[in-house]
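Chemist: Top to bottom, those sequences are chains A and B.
Under this note's numbering, the first residue of the first sequence carries the number 1, and numbering increases by one thereafter.
Under this note's numbering, the first residue of the second sequence carries the number 1001, and numbering increases by one thereafter.
Hints may contain errors.
Unchecked claim - A few chain B residues facing chain A, derived, Cβ under 10 Å:
id	residue
1	H1080
2	R1083
3	R1084
4	F1088
5	M1098
6	V1106
7	P1108
8	L1111
9	Q1113
10	V1116
11	R1155
12	F1234
13	L1238
Claimed, not checked - From the derived model, a few chain A residues whose C-beta atoms are all more than 10 Å from chain B:
id	residue
14	M1
15	L39
16	P42
17	V89
18	Q128
19	L153
20	V158
21	E389
22	L403
23	S423
24	M475
25	N485
What the hints assert, rightly or not - Here chain B is said to cover these stretches of chain A; the calculated rule only asks that three of the stretch's residues, wherever they fall, bring their Cβ under 8 Å from a Cβ of chain B:
id	region
26	93-101
27	242-253
Think of the hints as simulated: they come from the structure by calculation, not from any bench.
Just so we're clear, the structure is a prediction, and the values are computed from it rather than from any experiment.
All C-beta atoms, glycine included, are put in the ideal place defined by N, C-alpha and C.
For reference, the chains in residue letters:
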Amino acid sequence: MTFRQFAYRNVIRNSRIYAAFFMASCFSVLVFFMYSMLLFHPNIDESILGFMSLFGMATAELILVIFSFFFLFYSMRAFLEARTKEFGVLFHLGMDEQQFGRLIFLETMLIGIASIVIGTGFGFAFTQFFFMIVREILRLDTLPMYFAWEPFLLTVGVFLTAFIIVAYASIATQRKRRTIDLLQERIEEQHDVTLMRALYGVLLIGFSYAGSIIGVMMENVAFLFIVPPLGILGTYYLFSDTLPYILERFRLNKQRYWRSSLVVSISETIHTIRSNVRMFFVITIVSTLTFLTIGALATVASYTTQYERLNPLGMVYKSTIDNPYEQQHIASLRNQLESEALSYNLSRFTVVKQTSSYTKYEVEVFRESEINHLLFSLGYPLVTLGTGEAMFIPYSEDAIKTLANHTVRTVLKENSIPLVIDSVYPQFIFPSNFVSSNSIIISDEDFAKITNPLIGTTFQQSAYRLYTFDVPQWMELEEIGVVINAMVDQENVNPLGYQLPFYFENAGLNYSFILATYSLFTLIVLLVAAVFLLAAGSFVYFKMYADLERSQKHFDVLQRMGLTDQELHRLVDRHLMPQFFLPWIVALAHSSVILISFNILLEHFVNISIVDEVIIGFFSLIVIQVIYYYLIRWRYIVHLKQGD
Amino acid sequence: MAILQLKDVTKVYEGKVTHRAVSQLSLDVEKGEFLAIMGPSGSGKTTLLNMISTIDTPTAGDIMIEGIRPATLTKNELAHLRRRKLGFIFQDFHLLQMLTVEENIVVPLTLDQYDVEEMQRRVDSLAQSLGLTELLHKRPNEISGGQAQRTAIARALIHRPSIILADEPTGNLDSHMSREVLELLSRVNEQQQSTIIMVTHDPIAASYCDRVLFIKDGQFFNEIYKDERRQTFFQRILNVLSLLGGGVGDLSSVRVSQRHPQ
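Here chain A stands alone, though its shape is the one from the complex (with noise of 0.2 Å):
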């Protein structure tokens, strides 16, 4: 047997222990690969779409390589500490320390490299099979396979180097060693539970909770910075001191504590806890990250859903008086409105800016019979106003009420026309590119008293034209007015500011944009959050197996007490659970509270909620999450039993 040999037979021989970490490590290997093959494909980059899914992959990529880094190495280091006893014996026998750094290198290699090739092998086998859903995603009409060494060289050269360094960090981690300590079954020195440090979780965590909720409210940057490192840390010490604390108390609680059946759990629990807080610290983490993707994909699906209310019109041109294309482009958009057959509503607006008496600013005026014509093509009810009446036109959901209340009397100054605006329309009409958030209608009798223009404009300048386009197939859009789109999209980059003379937008079209981009980012969110989970599931299973011996030990010491099967698996319950659902639980909390203040930030904004997406996001994870705890408890089970 060479040295070489002996590494090898070392992982070989130890693969149930290895299994879910290789799985794990290949699993990434494979995402990684599979989006390096799209970032690098060449009729990808044509379109703004193209570019979208280039940087969705570009970001994903740098987030799984940062990822698997921290969990290569996480795992890496666990092992190594399950295998103590093993290098203890090897450096009694007279192992030294190149030695025992070329053992862990070897080791770490022979995974890494065939996590590298099986995953890359994998990757490229279902790429095909990527390619045709992001075809799909992208209404590519061809997305081919092909081959380039690029994607390959980029996944290996990534991943080599992330193993190695992790084999070079084990290796200096392991160091500090001493044999004597390595043989020695050690009892863990653990420092003292205080009531100080059972405080500092709860504070910190409390602290940064608060800095989330604050920060939102007042909208304040530097509060946010905070939430991460505080939350970070208390719940670091939340595992090694305030719940071992808390379940210290109970325990001295005697009458409660000796009476309860929870002698034993409670005992064991501690112990789990408290030898074991790295591996709950990191979980927890890992799952609220899971969380807190699956929150961000909530709030794309959401704003998608939501669409729909936000924009009720099919499509809006806005245009100046003197704008020279105005007949061209609406005789245009009616032409391909009517070859593509779809029927639809047009309404035409004159819009005239007057200066308000009672807010000294610009308000937008429009006209009660264009409105109504409007509001009758979209079915909701029509607005009659006597002279010198008004109304606020709002310019978002959460304007409805905030205006519902609100009385002003006001003079438009350059005609002297007074008004009195005490309701606003309880619906959200256009959408909020195109009209300010100082709209209001009033009676046909006194727009016609409207003869002067805005102070110091010319009466060109001070009104303009809108035409809105009611398409009850408004999903159907995607076709029609894409030259002028073209146009506005290119203007909006112009770095002196928008100059044409006309705006245009298709909610249709950017449907179909969004649509696109929110499958995209699903895609790309559920692979990431699969690593995510698997990683997280590796972890568990690995602590497992590394603490079965011991358990076999102590159930065995049970059944031989007089434990039966029912309690057996109570009993295995007991201790499984809580490392299995404690980090959940935590994570679910913060996670919570940061998607909630996001939720806040969001309806502030976009006017958008994402709790009921939430909801059912994280519902559908605790169901994926028991039935991976039943499977592993299966697994534990069969384990116990064939101990004996």
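Got chain A; can you put chain B on it based on the hints?
Modeler: Just chain B now, with coordinates in the frame of chain A:
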């Protein structure tokens, strides 16, 4: 000249309570000697053995192995010293679970990068003399405690060390297997002129040795040499143990009442 020399060796553990595990102990072991070290629990036997094993260092005093002072060596040189000059036998065998019996035996040679053919030659001859030939391809969890300890002994012999250090080698074995292992050790000692230092609780195990050193509270207490008959030597060991008093009897007195050396 002695193969192992200890001079005024002292080991102090610093901690919340300073504890003197070994105190000014001097000892010479000659080549080919089979030495037992006995003493009550906590008397410093294992600490002493660890210091001879070079995995622990004395606080004061001098240790010399075949004329080499481990204290002057680097960590790596110590590793090389252990892998060439010392063989180890442990109470709970410490076989590597993922290796077969054969692979476990050759680990010391693997670490020293021997030629594979040479390894095979040595394993084969050693397995034959220790009766392990049938077991070579089994894994440690498939063999009995006695077979595991024989494997561990083979591992301790394969590199032909100058000194074999055994820490309670019969501690985890039943009486039948203990006898087997002890007879094996004394055979190895006689035939190959190996030096063996064995820490033990068991007066029967000690009665197989040439000399028994008793320590108490880390200090030299007594030493006796073997005579013609093992039965009388055993009786003399028991006498010293009863003088040592207290904790010594904890395990062995029960055994003594149950069985006698054959």
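Chemist: Compare the structure with each hint and give your call.
Modeler: For each hint, the structure was consulted:
1. Interface restraint check for H1080 (chain B): the shortest CB-CB distance to chain A comes to about 7 Å, inside 10 Å, so the restraint holds.
2. Proximity of R1083 (chain B) to chain A holds as hinted, the smallest CB-CB distance being about 2 Å (cut-off 10 Å).
3. A cut of 10 Å between beta carbons decides the hint on R1084 (chain B): the least distance to chain A is about 7 Å, and the hint holds.
4. For the restraint placing F1088 (chain B) at the interface with chain A, the shortest Cβ-Cβ distance is roughly 6 Å, inside the 10 Å limit, so the hint holds.
5. For the restraint placing M1098 (chain B) at the interface with chain A, the shortest Cβ-Cβ distance is roughly 4 Å, inside the 10 Å limit, so the hint holds.
6. Against a cut-off of 10 Å between C-beta atoms, the interface hint on V1106 (chain B) holds, since the closest Cβ of chain A lies about 5 Å away.
7. Checking P1108 (chain B) against chain A by beta carbon gives a least distance of about 5 Å; that is within 10 Å, so the hint holds.
8. Annotation: L1111 (chain B) was flagged as interfacial toward chain A, and the flag holds, the nearest CB pair being 5 Å apart, inside 10 Å.
9. Checking Q1113 (chain B) against chain A: minimum C-beta separation of about 7 Å stays under 10 Å; hint holds.
10. Proximity of V1116 (chain B) to chain A holds as hinted, the smallest CB-CB distance being about 6 Å (cut-off 10 Å).
11. Taking 10 Å as the C-beta cut-off, the interface hint given for R1155 (chain B) holds, the closest approach to chain A being about 8 Å.
12. Taken as an interface hint, F1234 (chain B) does not check out: its beta carbon lies about 31 Å from the nearest beta carbon of chain A, beyond 10 Å.
13. The interface hint given for L1238 (chain B) is broken, as the beta carbon of that residue sits about 30 Å from the closest beta carbon of chain A, more than 10 Å.
14. Against chain B, the non-interface label of M1 (chain A) is violated: not every CB pair exceeds 10 Å, the least being about 5 Å.
15. With a closest Cβ-Cβ approach of about 40 Å to chain B, L39 (chain A) is found to remain outside the 10 Å limit, as its non-interface label requires.
16. With 10 Å as the threshold on Cβ separation, the claim that P42 (chain A) sits away from chain B holds: the shortest Cβ distance comes to roughly 48 Å.
17. For V89 (chain A), the requirement that its beta carbon stay farther than 10 Å from each beta carbon of chain B is not met, with the minimum near 5 Å.
18. The Cβ of Q128 (chain A) lies farther than 10 Å from every Cβ of chain B, with a closest approach of about 39 Å, so its non-interface assignment holds.
19. Chain B leaves L153 (chain A) outside its interface by the beta-carbon criterion, the shortest separation being 35 Å against a cut-off of 10 Å.
20. No beta-carbon of chain B comes within 10 Å of the beta-carbon of V158 (chain A); the shortest separation is about 30 Å.
21. Taking the minimum C-beta to C-beta distance to chain B, about 88 Å, the non-interface status of E389 (chain A) holds against the 10 Å cut.
22. With 10 Å as the threshold on Cβ separation, the claim that L403 (chain A) sits away from chain B holds: the shortest Cβ distance comes to roughly 73 Å.
23. Separation of S423 (chain A) from chain B is adequate, the least Cβ-Cβ distance of about 80 Å exceeding the 10 Å criterion.
24. The claim that M475 (chain A) is not at the interface with chain B holds, since no C-beta of that chain comes within 10 Å of its own (minimum 61 Å).
25. Distance check for N485 (chain A) against chain B: the nearest CB is about 65 Å away, which clears 10 Å, and the non-interface claim stands.
26. By the rule of at least three residues with a Cβ nearer than 8 Å to a Cβ of chain B, the coverage given for the region 93-101 of chain A holds, with 7 such residues.
27. Coverage of the region 242-253 of chain A by chain B is violated in this model, with 0 residues showing a Cβ closer than 8 Å to a Cβ of that chain against a need of three.
Violation of the numbered hints given earlier is confined to hints 12, 13, 14, 17, 27; the remaining hints are satisfied by the structure.
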